[in-house]
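Undergrad: Every letter in the sequence shown is one number past the one before it in the numbering used here, and letter 20, counting from 1, is 29.
By construction, these hints were calculated from the structure, which means they are not laboratory data.
This one's a predicted model, so the numbers in the text were calculated from it and none came from an experiment.
Just so you know, not all the hints are guaranteed correct.
Estimated spans, in silico, between C-beta atoms of each pair [stated by the list, open to error]:
id: 1; residue 1: 82; residue 2: 11; range: 36 to 46 Å
id: 2; residue 1: 70; residue 2: 46; range: 47 to 57 Å
id: 3; residue 1: 60; residue 2: 28; range: 40 to 50 Å
id: 4; residue 1: 63; residue 2: 108; range: 51 to 61 Å
id: 5; residue 1: 60; residue 2: 24; range: 22 to 32 Å
id: 6; residue 1: 109; residue 2: 44; range: 25 to 35 Å
Where a beta carbon is used, it is the ideal one built from N, C-alpha and C, also for glycine.
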Amino acid sequence: YSVSRRTQEIGVRMALGASRGNVHLLICRQGYTAVCAGLAIGLGLTMVLLRVLREAVPGLEEENAASLTVSLIVVSLAAALACWLPARRAATIDPVVALREE
């Protein structure tokens, strides 16, 4: 959604000399920054909630580092794909067509 809203900006960047790689990197970096912040906050909250629940619920399994690692990898890969697809589409924008759009 944010990439489609920024079509004119991307067109201007490309008209001023930004390469497709630069546009791709810009979109991916901005999207993945939010993902990394979310993963860091989520991991921190998970660790805190596991400690609280372990105290409240007797017999709760010890934290499983493997399941947390797999979860982080799956979410990271899904987020990378979710950032890469719009970035690829943005990198193929024709600057002339983008500047004509409203």
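Undergrad: Take the hints in turn and mark each one as holding or not.
TA: Going down the list of hints, with the structure as the test:
A beta carbon spacing of about 25 Å between residue 82 and residue 11 contradicts the range 36 to 46 Å that was offered as a hint. One distance hint, 47 to 57 Å for the beta-carbon pair residue 70 and residue 46, is violated here, with the actual separation near 28 Å. About 48 Å separates the C-beta atoms of residue 60 and residue 28, a value consistent with the hinted range of 40 to 50 Å. A hinted range of 51 to 61 Å holds for the C-beta pair residue 63 and residue 108, which are about 58 Å apart.
Separation of residue 60 from residue 24 is about 53 Å and departs from the stated range, judged on CB atoms against 22 to 32 Å. For residue 109 and residue 44, the Cβ-Cβ distance of about 32 Å falls inside the hinted range of 25 to 35 Å, so the restraint holds.
Violated hints for the displayed structure, listed by number in ascending order: 1, 2, 5.
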